[in-house]
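2 protein chains.
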Amino acid sequence: MALIVQKYGGTSVGNTQRIRNVAARVAKYRAQGDKIVVVVSAMSGVTDSLIKLAKEIMPLPNEREMDVLLATGEQTTIALTAIALHSIGVAAASLTGAQAGIVTDGVHTKARIQNITPKTVHDLLNQGKVVIVAGFQGETPEGQITTLGRGGSDLTAVALAAALKADLCQIYTDVDGVYTADPRIVPGARKLDEISYDEMLELASLGAKVMQSRSVEFAKKFGVVFEVRSSLNENPGTLVKEETKSMEDVVVRGVSLDKNQAKITLVGVPDKPGVAARIFKALGDATINVDMIVQNISHGSGAPATDLSFTADKPDLLKAQKVIDGLKSEIGFRDIIATENIGKLSIVGVGMKSHTGVAAKLFETLAREGVNIDMISTSEIKISVIVDLAKGEQAMKAIHAAFLGS
Amino acid sequence: MALIVQKYGGTSVGNTQRIRNVAARVAKYRAQGDKIVVVVSAMSGVTDSLIKLAKEIMPLPNEREMDVLLATGEQTTIALTAIALHSIGVAAASLTGAQAGIVTDGVHTKARIQNITPKTVHDLLNQGKVVIVAGFQGETPEGQITTLGRGGSDLTAVALAAALKADLCQIYTDVDGVYTADPRIVPGARKLDEISYDEMLELASLGAKVMQSRSVEFAKKFGVVFEVRSSLNENPGTLVKEETKSMEDVVVRGVSLDKNQAKITLVGVPDKPGVAARIFKALGDATINVDMIVQNISHGSGAPATDLSFTADKPDLLKAQKVIDGLKSEIGFRDIIATENIGKLSIVGVGMKSHTGVAAKLFETLAREGVNIDMISTSEIKISVIVDLAKGEQAMKAIHAAFLGS
Numbered sequence: 088m089a090l091i092v093q094k095y096g097g098t099s100v101g102n103t104q105r106i107r108n109v110a111a112r113v114a115k116y117r118a119q120g121d122k123i124v125v126v127v128s129a130m131s132g133v134t135d136s137l138i139k140l141a142k143e144i145m146p147l148p149n150e151r152e153m154d155v156l157l158a159t160g161e162q163t164t165i166a167l168t169a170i171a172l173h174s175i176g177v178a179a180a181s182l183t184g185a186q187a188g189i190v191t192d193g194v195h196t197k198a199r200i201q202n203i204t205p206k207t208v209h210d211l212l213n214q215g216k217v218v219i220v221a222g223f224q225g226e227t228p229e230g231q232i233t234t235l236g237r238g239g240s241d242l243t244a245v246a247l248a249a250a251l252k253a254d255l256c257q258i259y260t261d262v263d264g265v266y267t268a269d270p271r272i273v274p275g276a277r278k279l280d281e282i283s284y285d286e287m288l289e290l291a292s293l294g295a296k297v298m299q300s301r302s303v304e305f306a307k308k309f310g311v312v313f314e315v316r317s318s319l320n321e322n323p324g325t326l327v328k329e330e331t332k333s334m335e336d337v338v339v340r341g342v343s344l345d346k347n348q349a350k351i352t353l354v355g356v357p358d359k360p361g362v363a364a365r366i367f368k369a370l371g372d373a374t375i376n377v378d379m380i381v382q383n384i385s386h387g388s389g390a391p392a393t394d395l396s397f398t399a400d401k402p403d404l405l406k407a408q409k410v411i412d413g414l415k416s417e418i419g420f421r422d423i424i425a426t427e428n429i430g431k432l433s434i435v436g437v438g439m440k441s442h443t444g445v446a447a448k449l450f451e452t453l454a455r456e457g458v459n460i461d462m463i464s465t466s467e468i469k470i471s472v473i474v475d476l477a478k479g480e481q482a483m484k485a486i487h488a489a490f491l492g493s
Numbered sequence: 088m089a090l091i092v093q094k095y096g097g098t099s100v101g102n103t104q105r106i107r108n109v110a111a112r113v114a115k116y117r118a119q120g121d122k123i124v125v126v127v128s129a130m131s132g133v134t135d136s137l138i139k140l141a142k143e144i145m146p147l148p149n150e151r152e153m154d155v156l157l158a159t160g161e162q163t164t165i166a167l168t169a170i171a172l173h174s175i176g177v178a179a180a181s182l183t184g185a186q187a188g189i190v191t192d193g194v195h196t197k198a199r200i201q202n203i204t205p206k207t208v209h210d211l212l213n214q215g216k217v218v219i220v221a222g223f224q225g226e227t228p229e230g231q232i233t234t235l236g237r238g239g240s241d242l243t244a245v246a247l248a249a250a251l252k253a254d255l256c257q258i259y260t261d262v263d264g265v266y267t268a269d270p271r272i273v274p275g276a277r278k279l280d281e282i283s284y285d286e287m288l289e290l291a292s293l294g295a296k297v298m299q300s301r302s303v304e305f306a307k308k309f310g311v312v313f314e315v316r317s318s319l320n321e322n323p324g325t326l327v328k329e330e331t332k333s334m335e336d337v338v339v340r341g342v343s344l345d346k347n348q349a350k351i352t353l354v355g356v357p358d359k360p361g362v363a364a365r366i367f368k369a370l371g372d373a374t375i376n377v378d379m380i381v382q383n384i385s386h387g388s389g390a391p392a393t394d395l396s397f398t399a400d401k402p403d404l405l406k407a408q409k410v411i412d413g414l415k416s417e418i419g420f421r422d423i424i425a426t427e428n429i430g431k432l433s434i435v436g437v438g439m440k441s442h443t444g445v446a447a448k449l450f451e452t453l454a455r456e457g458v459n460i461d462m463i464s465t466s467e468i469k470i471s472v473i474v475d476l477a478k479g480e481q482a483m484k485a486i487h488a489a490f491l492g493s
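Note that the protein sequences, when read in sequence, are chains A and B.
Taking the working numbering, the leading residue of the first sequence gets 88, the next gets one more, and so forth.
Taking the working numbering, the leading residue of the second sequence gets 88, the next gets one more, and so forth.
Bear in mind the hints are in silico, worked out from the structure with no lab data behind them.
Among the clues, some could well be false.
Identical copies look the same in the list; a pair holds intra-copy or inter-copy alike.
Pairs of lysine-lysine, BS3-like flavour, derived with a Cα cap of 27 Å [what the hints assert, rightly or not]:
no., residue 1, residue 2
1, K278, K478
2, K139, K216
3, K415, K307
4, K142, K115
5, K216, K142
6, K197, K216
7, K332, K307
8, K307, K440
9, K115, K401
Let the sequences and hints guide you as you build the complete structure.
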């Protein structure tokens with residue numbers, strides 16, 4: 088008898104018919120004698136409607152109250168899911184995050200889980216019930232309602248799986264698993280049977296939006312093996328786990344293209360200590376998430392100066408420009424160039440650690456396609472390049488073919 | 088500095104604009120230096136939508152889960168109300184029923200308040216905050232979410248006022264207060280400045296649907312003075328309190344007409360002990376709420392027999408007939424006559440206790456109007472008669488004129 092944690096996202100519970108479908112799936116597992124804990128998100132659209140209501144009253148509503156408000160979304164789903172299980176004769180009981188013993192810090196709208204005391208969950212499981220837990224939420228030790236921020240329901244599932252020492256954690260979504268590339272761009276992309284936490288992390292942070300990084304990090308930290316699979320069919324998904332020897336035989340696990348980055352270049356930055364620190368401190372203070380950073384010596388006349396480029400999320404571009412403009416007189420760079428027309432192309436694989444020539448093959452492939460490389464960034468298991476947005480998909484296909492065939 | 092509990096119903100918080108209006112009213116009181124606790128219902132329509140969702144899945148959903156589901160309605164309103172107060176610069180914090188320390192028994196969907204430990208409410212008030220509490224809900228000592236059933240938000244307000252030893256409890260609704268009669272039927276009806284708990288109870292149970300009886304009973308038991316007033320204007324409302332000497336000078340406080348009753352007569356019931364007990368036990372077991380009961384000797388031939396009439400809520404008429412039909416062979420009555428065409432007309436006033444001739448004046452008035460009296464029932468402070476539904480309003484106007492002028 089296994090203990091399985093299943094997580095269903097907002098689309099999977101988007102209306103009462105879909106909630107019935109979830110119940111039917113849960114019942115099938117239950118019928119095999121397994122203990123089941125189900126984590127659910129708010130029905131798709133509900134969270135947005137609640138946010139809209141709040142913003143009708145005030146553009147920047149208090150975060151404590153937003154948590155009280157948004158927590159109702161998942162609470163609605165747990166009750167409906169329990170009722171759907173009852174309707175097909177399966178004993179079930181719902182629990183809010185607080186009732187499930189999920190204790191967080193007090194950082195409203197993006198709280199971190201501090202610990203989980205799943206006594207009530209165990210009690211209900213031992214009574215033979217399927218336990219439905221509201222994802223995305225918890226409470227502080229003082230009893231304040233909190234929410235966990237984006238990807239919070241995945242985090243609830245992974246953290247509960249760790250606390251309950253579950254045998255399996257299944258993340259149900261609307262895709263079949265993790266692919267070698269986005270199949271909408273690369274028709275030959277294949278679903279992966281398994282992938283390491285680190286590879287998943289790189290892909291997650293690269294715009295393969297199956298899961299938020301924090302849930303994967305949490306799973307890695309606590310050794311929770313989880314499966315990403317579809318709630319629309321019975322296909323096996325992708326198992327995410329610690330890397331194995333056999334994983335290293337594959338050099339490149341996947342290719343991703345992130346079209347959501349923008350680039351800013353500061354031209355003629357005085358070449359003296361502390362300048363870069365000043366710039367990135369200011370960007371960090373403005374909560375702008377900087378991704379790649381590249382600095383080149385500029386061989387102009389006059390005092391020694393460099394060009395400094397970095398990328399950030401597209402929606403932050405204007406804010407970043409404003410921050411940099413504010414530093415102009417202090418730092419004294421010559422010009423600022425901003426562009427949204429870039430794509431960030433990455434190859435990921437734990438096998439890269441022990442294989443040489445991967446970067447060379449990547450650059451050769453791009454050269455053959457006539458794609459210019461704008462910036463390069465590497466890690467142990469990843470190489471990313473910034474290219475012209477217009478050539479991104481063509482480049483992605485070529486790279487997938489070169490490393491993964493077809 | 089007074090402590091005021093204000094309760095706003097679903098219509099008063101029906102959309103974000105109305106919630107802003109509530110906030111503006113609260114702010115005005117707060118500006119006078121008073122401590123304010125606000126109890127809110129779910130936005131009008133929300134509870135019904137949630138019930139509809141549940142019934143899409145299952146006609147008779149589990150009551151524990153219905154409580155989890157419905158509690159989200161008030162939780163949404165508390166957050167939005169707190170945000171609305173913030174938006175006009177008033178410090179405020181929301182609390183669910185559980186967070187406000189409202190402990191109930193475990194009878195889901197109609198739980199009773201067992202006790203209130205309003206420590207958190209006091210703490211927040213002492214921080215200078217307006218405290219917004221979700222009406223209609225609480226939790227069991229074991230941490231299960233419960234709801235209090237119909238009129239639950241009023242009960243929350245009255246019970247909180249008692250626990251907090253509030254100076255005033257204001258029940259905001261869409262009427263200006265309690266009237267001597269329904270102004271839609273009796274144009275000369277007047278708003279009452281004050282009314283005793285007992286009079287309010289009789290009026291509440293007589294179809295003057297300002298408040299549910301249980302909240303008034305609770306207020307009476309704990310001596311909570313409350314005011315029923317409108318959230319749409321600034322008019323003073325009706326103060327509900329223990330009766331005073333001056334109240335007794337007024338013989339009749341109000342006239343009500345309940346069109347929601349039906350009558351069943353059992354003809355030729357054998358006149359022997361235990362028959363009535365058997366009948367009303369069976370109706371009680373079927374949770375049919377019987378109101379008036381009248382028994383007359385029938386002077387027919389044969390064995391001694393009586394006619395037995397009673398009234399019940401119209402929606403229960405068919406169920407009641409079925410129960411009675413099931414007893415026919417056991418009890419051996421001759422016939423059953425059921426009708427929905429009745430109205431229950433009542434006059435209420437604590438002054439009746441010490442005034443004679445009230446009944447006579449009532450009957451004379453009805454006779455003068457040519458209204459036949461079908462059943463009569465009296466209590467210390469009330470006389471009710473069952474009349475033909477078609478003549479109910481005409482009779483009501485005449486009685487109002489006779490006892491209350493115009």
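Comparing the hints with the structure gives:
no. : hint         : result
1   : K278 to K478 : within (24 Å within a copy, 77 Å between copies)
2   : K139 to K216 : between (36 Å within a copy, 25 Å between copies)
3   : K415 to K307 : neither (42 Å within a copy, 72 Å between copies)
4   : K142 to K115 : between (42 Å within a copy, 23 Å between copies)
5   : K216 to K142 : between (39 Å within a copy, 22 Å between copies)
6   : K197 to K216 : between (31 Å within a copy, 24 Å between copies)
7   : K332 to K307 : within (17 Å within a copy, 76 Å between copies)
8   : K307 to K440 : within (19 Å within a copy, 78 Å between copies)
9   : K115 to K401 : neither (44 Å within a copy, 45 Å between copies)
Violated hints, in rising order: 3 and 9; the structure is consistent with all others.
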